[in-house]
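K.L.:
Here are the chains, one letter per residue:
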Amino acid sequence: MTLEDAVTTREETSAPARVGLVLVSHSARIAEGVAELVRELGGEEVPVEAAGGLPDGGLGTSSELIEQAVRAADRGAGVVVLADLGSAVLTVKLLLDGEDDAGDPPVLSATAMLADAPLVEGAVSAAVAAASGADARTVLAAAEEARDYRKL
Amino acid sequence: MDTAFFVDWITRVAASVEANKVRLTELDAAIGDGDHGTNLDRGFASVIRVLDTAAPRTPGTVLSLTGTTLISKVGGAAGPLYGSAFRRAGNALSDAPDVDLAGLSGALDAALAAIRKLGAARDGDKTMVDALAPAVAALSDAAASDTPLLKALDATVAAAESGALATIPMQASKGRASYLGPRSIGHQDPGAASTVLILRALRDTARAAAASGDE
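Those protein sequences? They're chains A and B, same order as listed.
Its first residue numbered 1, the first sequence is counted upward by one per residue in our numbering.
Its first residue numbered 1001, the second sequence is counted upward by one per residue in our numbering.
It should be emphasised that the hints constitute simulated quantities derived from the structure, not laboratory data.
Remember, predicted model here, so these are calculated numbers, not experimental data.
All clues stand as given, with none of them false.
Simulated pairs of lysine to aspartate or glutamate, EDC-like, Cα-Cα distance not exceeding 16 Å:
1. B:Lys1117 x A:Asp97
2. B:Lys1174 x A:Asp84
3. B:Lys1021 x B:Asp1033
4. B:Lys1151 x B:Asp1100
5. B:Lys1174 x B:Asp1123
6. B:Lys1151 x B:Asp1141
Chain A with its partners taken away, still in its complex shape (with noise of 0.2 Å):
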């Protein structure tokens, strides 16, 4: 058995497995920083993951990055995927969709699900709906809600 085994089989004789979350954008900075500032609110028992820019440093999405921070929050209760603006968007609907037509599975775990949300919002709103032990739908209902947030 491996660390991260034994670290996730602990997790779930204490408490279900939260719902992870991951968060695309075309800046590895934003992905880390709205990652930090969710981490604070989900406490330490909801995965976050930040999967922003290319694997370079430099703007723009990566497919593996997404792949990975996905494998990275699933504990088996879903994910929900927050991105920002055109490839990041693009990118994961192509990953979870995957090529229906043609047969292929998707990418991407069935159990994650992009959420219609913007992505600073919409994961604090996601991270409190996790850390309460909401499953999957809930927190991306959760996160959708976020839309409707008025500042004035």
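Following the hints, put chain B in place on chain A, whose structure we already have.
P.N.:
For chain B alone, kept in the frame of chain A given last:
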């Protein structure tokens, strides 16, 4: 059109994207984030390395490998869009060792469907769809009337070129350019411009194949 034809096509696309990298990036800098040329060049350079190593045996595999590599290497919106388009086109060709005009038309139709589905762009949104959709329609018409390959591809390229030029007066409603609202008017969409390059490379491949067949 056999496997070598399709490898030649993709090789010509890579060369054309490299040669037009600055122009594509300038078009994108005007209304987007200025990385379209660099991103596509990085993606197609990776595709060439993958095709060299993998030595695909069917036209469908050439296109599928191209798509998969673009998805993982481009880093911009063109990655998932062109990536899923090439993959879907490759899947449409199945394991046929040789592709006729009708098969090519079906593959490009599948590519267009993939882009429409993922990007949710409609005609007139100032995207690559505005170049690809009329091109696919022209190719489909040519295939239905048994037009010779070179003539069919000339019509395809001409339709893509007019489609790309028609994006200049459009206001963008998809992609980064849509944030500019009316200020996106007056610039050609970079995705439409790169679609033209891809289709011109296809026509040039057919011309080169015909020329070498004549010798």
